[in-house]
Each structure stands twice: as C-alpha cells, then as structure tokens.
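2 protein chains.
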Amino acid sequence: MESFILTPSRRVRRTPFSDRVEQSGLKAYTVYNHMLLPTLFELTEADYHHLKRHVQVWDVGCERQVEVRGREATRLLQMLTPRDLRPMLPGRCYYTPMVDETGGMLNDPVTVKLAEDRYWVSIADSDLLLWIKGLAYGFRLEVDITEPDVWPLAVQGPRAETLMERVFGPAVREIRFFRFSRLPFNGQELVVARSGYSKQGGFEIYVDSAEVAEPLWDALMQQGRDLEVRAGCPNLIERIEGQLLSYGNDMTRENTPHECGLGRFCDTLTAIGCAGRDALLRVAVDGPIRQIRSLAIDGAPVPPCLDPWPVYAPGSTTRVGEVTSAAWSPDFDTNVAIGMVQLSHWTGGTQVEVETPDGGRMATVRSAAFI
Amino acid sequence: MESFILTPSRRVRRTPFSDRVEQSGLKAYTVYNHMLLPTLFELTEADYHHLKRHVQVWDVGCERQVEVRGREATRLLQMLTPRDLRPMLPGRCYYTPMVDETGGMLNDPVTVKLAEDRYWVSIADSDLLLWIKGLAYGFRLEVDITEPDVWPLAVQGPRAETLMERVFGPAVREIRFFRFSRLPFNGQELVVARSGYSKQGGFEIYVDSAEVAEPLWDALMQQGRDLEVRAGCPNLIERIEGQLLSYGNDMTRENTPHECGLGRFCDTLTAIGCAGRDALLRVAVDGPIRQIRSLAIDGAPVPPCLDPWPVYAPGSTTRVGEVTSAAWSPDFDTNVAIGMVQLSHWTGGTQVEVETPDGGRMATVRSAAFI
Chain W
-6 MESFILTPSR RVRRTPFSDR VEQSGLKAYT VYNHMLLPTL FELTEADYHH
44 LKRHVQVWDV GCERQVEVRG REATRLLQML TPRDLRPMLP GRCYYTPMVD
94 ETGGMLNDPV TVKLAEDRYW VSIADSDLLL WIKGLAYGFR LEVDITEPDV
144 WPLAVQGPRA ETLMERVFGP AVREIRFFRF SRLPFNGQEL VVARSGYSKQ
194 GGFEIYVDSA EVAEPLWDAL MQQGRDLEVR AGCPNLIERI EGQLLSYGND
244 MTRENTPHEC GLGRFCDTLT AIGCAGRDAL LRVAVDGPIR QIRSLAIDGA
294 PVPPCLDPWP VYAPGSTTRV GEVTSAAWSP DFDTNVAIGM VQLSHWTGGT
344 QVEVETPDGG RMATVRSAAF I
Chain Y
-6 MESFILTPSR RVRRTPFSDR VEQSGLKAYT VYNHMLLPTL FELTEADYHH
44 LKRHVQVWDV GCERQVEVRG REATRLLQML TPRDLRPMLP GRCYYTPMVD
94 ETGGMLNDPV TVKLAEDRYW VSIADSDLLL WIKGLAYGFR LEVDITEPDV
144 WPLAVQGPRA ETLMERVFGP AVREIRFFRF SRLPFNGQEL VVARSGYSKQ
194 GGFEIYVDSA EVAEPLWDAL MQQGRDLEVR AGCPNLIERI EGQLLSYGND
244 MTRENTPHEC GLGRFCDTLT AIGCAGRDAL LRVAVDGPIR QIRSLAIDGA
294 PVPPCLDPWP VYAPGSTTRV GEVTSAAWSP DFDTNVAIGM VQLSHWTGGT
344 QVEVETPDGG RMATVRSAAF I
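Protein chains in written order, with my numbering: chain W, -6 to 364; chain Y, -6 to 364.
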C-alpha cells in the first residue's frame, strides 16, 4: 500500500510535546481529536518489542479533556453514561462508556473526578464536548463546560514505575490502578494517574501547563537512560493483543456498550438519569446478539484493516460478523484481530472465515484477549 | 520542515473516491471529519494554476451530511444558526454560521433544504451532529437526526460548467448560485448544487450511493479530457486569496460569526429561537472589536502557519491580532494571509508587523480579499 504525507495546518493541532516527538525519530502521525497523535518511530514491531520490555514516553496530548464543573456536574455526568457514578469518589478514574439516547456509543473516555463538583472527561476521538454542551443547554443545567489545555503524557511499559519514581518520588508507588495523586514537578502540581492505553502498566500525567511539557519530557528521558527509555506511542499490535478497543475503529455510534464487551461497566438498572437508559434496559437484561471478540487469523501477515472485513461461517455466505483491527503479532506468531461476532459464532474456539483484501482466511474466535 | 506519513486506519475513513484519487497522483492528505481529504497532487502552486485555468474534480467526501428530518426540523435548524431561515425554500443552499449558546462558532456549513421537513447540513470539521442531537434530546423535538452516507464530489474551475453540461446535460446551466437541482446520472437522481470551496466557480454533486462514485468520477475525467480536467483539491493559496475561511484554522469556538466577517449571514434580531441569540444581540448591534481580514505579508515566501502568528502594531509590543492562514501567491506576487485584526488596526492599508517563525515581517491589512 502506498504512503501519503500528512499536510500540516493549524486545524490539525500540535501539542507542547510535538517538537520533542519529531526530534525523537518520529516517522508517522495520525489525527485524533483534531490533533497530532504519533503512530510510528522505528517499525511497528520494533516499537512493540521495546514497549513490552522497557519503558516509553507517549505524547497523548490529543486525549483532550472536557471539564465539567458546577452544582449539577454529577447529574450531567450521569446523563452521559450507563455506569453508576454514585460510588465514585474524588481521586478516582472511571472508564465510562458514553452513549446517546439510543444507547449508541459516542465515546469511551476515562472520567477523572477532581472534586465533588469538578470532572475531567479524557476523551477518545469524537467531539463529545458538543453532546455534553447540548444536553446542558437543553436541560438548563448549572454547569460550566470547557476544553482546558491539558495534554496528557503517558509513561508505559514494565519499567514505567521505576522511571516515574525517579521523577516524581516514591509517592508514585502508592497510586493504585485507576486512581490519581497530585504530585509536584518543577514547582507545579500535576495530576498523575495509574492508567494508560497499553497492558504493560504505567501512568498518565495530565500536563496542564505548556511550560512544563518539555522539562518533563527531558527529565523522563534523562532519568530513564539506563532503563532504555525512548519516545513511543500506542502500539497497534500490543493494543489488539490486549483487546484495548479504539473508538472509530472497533466501535461506532452503531454499537451499544454491551456489544463492545463493556457491559461490565454498565449499571443500566441503577444508572438513573442516563440519556440512553431506556434504550439499553432490554439489552442489559437479554444481552447483545453480537459482541466484540479477539480473533486469531491464520496465514501470513495481513494488510492493515482500513474497512471492516466481513466474517463468514466457514464455507458459507452467511455473514456472522466483521473484523475492524488486525496486525501480525510476533509474540503470538499469528495475526491478532478484534472484531464484532454474532452470538451464533462467538464461543471461544469457533472457526470462521475472514474476507481480507488478500482473500479469505480461516480464523479462530477466542474467549479472551491474547495474554 | 519535515514531512510525516499519515498512518491509515478504519477510524480515518476512506471515501468511495479514494482509490481513484490515489491512482491520480495524490501526494498528501489531511483528516477532516474523521475522513481522508486530499491536499496535494503535483505541487501546491501547480495545482493552483491549474484550478484557476481549467477544471478539477475534488473528492470532498469528508463534507459529511447531518440529515435532520421531521415535523420540527425547521425549528431545530433555526436553533443552530443566527441566520433567519424563514425565507429559505426547498431547493436552496444557505451558508449558515452555527453557534453555541455563547455565540461561539461550532461550524460553518452549507445547509441544503431538500424539503419543508428535511435538511442536509454539509459540515466543516467538527462533530456538529452531537450538538444537534443534544439539542433535539434536551428539547424533546420531533426530529430524526442521522449521518447518511453522502459523499460530495466537487467540480471546480472556470471550465466546470462546460464539463458538467457534458455529463449532466444542459439543465446544469439553469442552476443558479447556491441552488440545486436533482439531475440523472446512470439511472440515479443526484443533488447537484452550484457551490464549492473555491472562487473559480463550479458545482458540488451530493453522491448518495457508493456504486455511482467511480462511474461518475470516470465520466468526468473522460468527458473532460480536452478541457484538461484532472484530480484536485481545495487549494490553500486560492482559498486564502478569496478569503474562504476554514473552520479550525481561521475560526474556532472562541469566535463569534461577526468576528469572522460573517455578520452578513446573521439576522440576529429576527432569528428567534437561535440558541446563541441572547449572546449575539449586543455584538450584532455594536459590532465586534476584532474581525477577519486579508493581509499581504512582505518578503520571501512564508512557512506554513501551524500556530497563530501574533500581529503587532509596527515597532511595538502591543498585540493587535493574529494570522491563522498564509501562503505565497504567484498571481499576487506576495504572501497572502487571513487573520483576526483588532478594530484599531483593521482599516484597509494599515501597516502591521507579523511574527512568523522566520522572524518579524511587515504586512498590510486589506479592506477586501485578493481578487
């Protein structure tokens, strides 16, 4: 497949880390929330091996924050998601499927509760701000909704904790998964959460001042030299292995959270006030008729998945699903994939046929991610 | 400046024209509405000269449509824009600034009125669908809001009418500016409007069936061979000369339509029901304190404008505006630019100083576009 240049413009916003990223051997970008997201430094496979062994610093400044604050902030947040937010305390991060009034996925952000009346919604690639503002206006809610300049920087990989402790001190080790602390750096307090878009462990630092960005990047690189730290980015192979979903790739507004395997983050019966609750009540009880699954696709490395690949019952023309992300995995020595598979074929071990641009391939539906 | 590859993925959607575009010598893309938008074929200057002399076919499939239909469709549309929609008849296209409850620009689409109760909103680069859905849900409006698969194809340039007549027949000549007709092609009826994102004249064809896409592309290329037709795309130089604004580049949610020079499309006093009306009433009467202007920047060709360039009063540190788009114009033999300039300096002929990445440059504010 041919490669094309990405034309730079103001509309495709840079982050305060972009200069450092480009000085670190960047080769490719994508655009995410109208912003640059690095996608490749060395080779996808080399980036992958490095991520699984060492530690990487990721410019995920494109994870824009929608800040909701005010007396009715919690009420508004509960309108957005079928996850019950009543147990959520300040200091917690919740993975929150967000749905429209039909139960269709609008985004799958991590919501950060900064205070009883103040949240950051750390969004995937859709202008969720507009939906939130629309609801707030329609329901005349006493809230203020903004897009503050906060640029998350992720530190991911098995050596992430060691590196983070050197830069932020031993308090880093006390942060539990999906919790955050405010830790000092260069005289500023930064929100540091144990989270991130990999299965290798790590942290996300919510950098809310452009002045801190390069000093923080440089400190991580200098302190991590012996840990073989380098610039990195979300890795296609690693995220597919771990079944980390990508909004716009593996799910769209067409899908309910239950179809996306996110039923465990939905408390539809008790999430009273959620705009999509009526639409989701039946699927919450009966379950969905198709669901996200990991698949292993036989044969040589597949090309990139740019349009959904149809999935058929073997030797038949009955369509039973589609593959939406796929890549060759060196560690599992097979093509790993994520797709939506119908109830009739979603049991682990079921054989299906995937129509790739290179022709039909046999594939096996898995009961779990590649771990 | 270095160039980086755009990583392909399903999330960055292809259009039914993408294969043809890539076969036509495409060199670069941008991402617009989560979709590929071609940006370069030969060289920006060569593409520019060709556009101004001949005719080009543009894949603007990324101009997604938000379809609003139902009994309260017109009421909802009027909530979105300060333009008075009461005179709008079916068959008309209106350029419609769309604002939030603070009067901030959310998008600047062309709205197409298909029928009394059915509209297509042909959007610029923001998920306006989410705002529209939020309002409809909040106000319990009897409307259906969808994103139909409609991929506009633009035919632009001084020879556009000649080419379009060959493909769609003489009825093309009857279409007035910002009107549309339904014209047959390959047994289907397509909405054909006299509109487009250039000042060279032309049409936009709202292709609502993927099957028609390549036959239509091929017909335009074959019928236009002696007209020197070729694949093209919105051209940075030409659009700056003509002061065609780009949402996300020249304006954001920070700006009112009046600041964007779009006051002539606002009827704030009579646009009763517009969500931003209260916020805009004062500015509609008093006028804005800064406004979009064309500027001519002295000296050698400037680099691309990736972040707003500050504009100062000459020899002073008083900031009086910013430049958001700039390019070298061969026809005007100067750097042409678009920026926001304060009231004190926006009179045509005023000298200002622009801080470019290459250093300060003298520039002249113009009273009109480069035409």
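Because the hints were derived from the structure by calculation, they are not lab data. A virtual CB, placed ideally from N, CA and C, is assigned to each residue, including glycine. Some clues are possibly wrong.
[Stated by the list, open to error] Derived Cβ-Cβ restraints for the label pairs, each shown as a range:
#, chain 1, residue 1, chain 2, residue 2, range
1, Y, Phe171, W, Pro80, 32 to 40 Å
2, Y, Ile265, W, Ser337, 48 to 56 Å
3, Y, Glu348, W, Thr357, 35 to 43 Å
4, W, Glu221, Y, Phe171, 57 to 65 Å
5, W, Ala362, Y, Ile265, 49 to 57 Å
6, W, Gln216, Y, Arg46, 52 to 60 Å
7, W, Ile265, Y, Ala108, 36 to 44 Å
8, Y, Glu38, W, Asp300, 47 to 55 Å
9, W, Pro307, Y, Pro208, 48 to 56 Å
10, Y, Leu336, W, Pro80, 49 to 57 Å
11, Y, Pro80, W, Glu204, 28 to 36 Å
[To be verified] Not close to chain W: a few residues of chain Y, all C-beta gaps over 10 Å, as computed:
#, residue
12, Thr0
13, His27
14, Leu36
15, Arg68
16, Arg85
17, Leu121
18, Phe132
19, Asp142
20, Pro177
21, Leu262
22, Ser322
* To do: Go ahead and decide if the range 48 to 56 Å is satisfied by the Cβ distance of Pro307(W) to Pro208(Y).
  => With Cβ atoms ~35 Å apart, the hint is violated.
key: CB-CB spacing for Asp300(W) and Glu38(Y) relative to the 47 to 55 Å hint   = This hint is violated: roughly 34 Å between Cβ atoms.
**Q.** Outcome of range test on Cβ distance (Glu221(W), Phe171(Y); 57 to 65 Å)
**A.** 60 Å, holds
Does the Cβ distance between Ile265(Y) and Ser337(W) fall inside 48 to 56 Å? 54 Å, holds
So Leu262(Y) supposedly isn't at the interface. Is its beta-carbon more than 10 Å from every beta-carbon in chain W? Its Cβ never comes within 10 Å of chain W, the nearest being 21 Å, so this holds.
### Phe132(Y) and chain W, when compared Cβ to Cβ, separated by more than 10 Å
5 Å, violated
Quick one: are Glu348(Y) and Thr357(W) within 35 to 43 Å, going by C-beta?
For Thr357(W) against Glu348(Y), whose Cβ atoms are near 59 Å apart, the range 35 to 43 Å is violated.
**Prompt:** Can we trust that Thr0(Y) is non-interface, i.e. its beta-carbon lies farther than 10 Å from all of chain W?
**Reply:** About 4 Å separates Thr0(Y) from the closest Cβ of chain W, which leaves it inside 10 Å; violated.
- prompt: Minimum Cβ separation between Arg85(Y) and chain W greater than 10 Å?
  reply: At roughly 26 Å from the nearest Cβ of chain W, Arg85(Y) sits farther out than 10 Å, so the non-interface label holds.
Would the non-interface assignment of Pro177(Y) survive a Cβ cutoff of 10 Å against chain W? For Pro177(Y), whose nearest Cβ neighbour in chain W is about 29 Å away, the distance exceeds 10 Å, so it holds.
Taking 36 to 44 Å as the hint, is the beta-carbon distance of Ile265(W) and Ala108(Y) inside that range?
Between Ile265(W) and Ala108(Y), where Cβ atoms are some 39 Å apart, the hint holds.
Status of the stated non-contact between His27(Y) and chain W (beta carbon gap over 10 Å): At about 6 Å from chain W, His27(Y) fails to clear the 10 Å cut-off, so the statement is violated.
The structure shown violates the earlier hints numbered 1, 3, 8, 9, 11, 12, 13, 17, 18.
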